[in-house]
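Novice: Residue numbers (full-length UniProt numbering): 1 to 109.
No wet-lab data here; the hints were simulated from the structure. The model shown is predicted, which means the values in this text are computed figures rather than measured ones. Don't take every hint at face value.
Below, simulated DSBU-like cross-link-like pairs (lysine-lysine); rule was C-alpha separation at most 35 Å, straight line [stated by the list, open to error]:
#	residue 1	residue 2
1	Lys27	Lys48
2	Lys43	Lys30
3	Lys43	Lys33
4	Lys33	Lys48
5	Lys48	Lys25
6	Lys30	Lys48
7	Lys27	Lys43
8	Lys43	Lys25
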Amino acid sequence: KKQQCHSTSKTTASILQSNLPQVKKQKWRKASKTNRFITMGRKGDTEKVAQAAAGEGVNPAYFIMGSDLPDISSTAARDALFRRDYSALAEMLHPTVMERCLDHQSWQR
1 KKQQCHSTSK TTASILQSNL PQVKKQKWRK ASKTNRFITM GRKGDTEKVA QAAAGEGVNP
61 AYFIMGSDLP DISSTAARDA LFRRDYSALA EMLHPTVMER CLDHQSWQR
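With the hints as constraints, model all of the structure from the sequences given.
Specialist: What follows is the structure in structure tokens.
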């Protein structure tokens with residue numbers, strides 16, 4: 001079922017929210033001179049998030065959209081940390097991040 005896009009940013013945001021639950025939080029709305037964001041993309045969503053932010057007039061100096069990152073489950077990463085599965089962790093986390101997580105156990109539930 002195709003939905004019509006209207007020119008208002010409210011309508012665009014509503015369509016994005018209904019079709020993409022991950023866009024629901026609309027973090028770009030919180031971007032400001034004192035609250036800057038660097039948001040890394042996810043395959044299939046990066047352009048939609050960038051368009052929604054631009055459609056609402058968010059200053060691109062305060063909301064920077066990075067390139068797509070691999071789709072890695074944070075739950076899977078936490079589980080691998082819990083099991084100390086170094087092989088799995090090496091596939092999911094940068095070595096420095098892995099070391100910090102293991103040393104500080106910041107991943108514990």
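Novice: Keeping to a limit of 35 Å between CA atoms, is the pair of Lys43 and Lys33 held or broken?
Specialist: holds, 28 Å
Novice: Take a quick look at whether Lys27 and Lys48 sit within 35 Å of each other, Cα to Cα.
Specialist: holds, 13 Å
Novice: Does Lys48 lie within 35 Å of Lys33 when you go C-alpha to C-alpha?
Specialist: holds, 23 Å
Novice: Does the alpha-carbon distance linking Lys48 and Lys25 stay inside the 35 Å limit?
Specialist: Cα-Cα ~13 Å, so holds.
Novice: Check the hint pairing Lys43 with Lys30 against an upper bound of 35 Å on the C-alpha distance.
Specialist: holds, 23 Å
Novice: For the pair we were handed, Lys30 and Lys48, check the Cα-Cα distance against 35 Å.
Specialist: Given that 35 Å is the threshold and the Cα spacing comes to 17 Å, the pair holds.
Novice: Next pair to validate is Lys43 with Lys25; report whether the Cα-Cα distance is within 35 Å.
Specialist: holds, 18 Å
Novice: For the pair supplied as a hint, Lys27 and Lys43, confirm whether the alpha-carbon distance does not exceed 35 Å.
Specialist: Holds: Lys27 and Lys43 sit about 18 Å apart, inside 35 Å.
Hint check: no violations occur; every hint is consistent with the structure.
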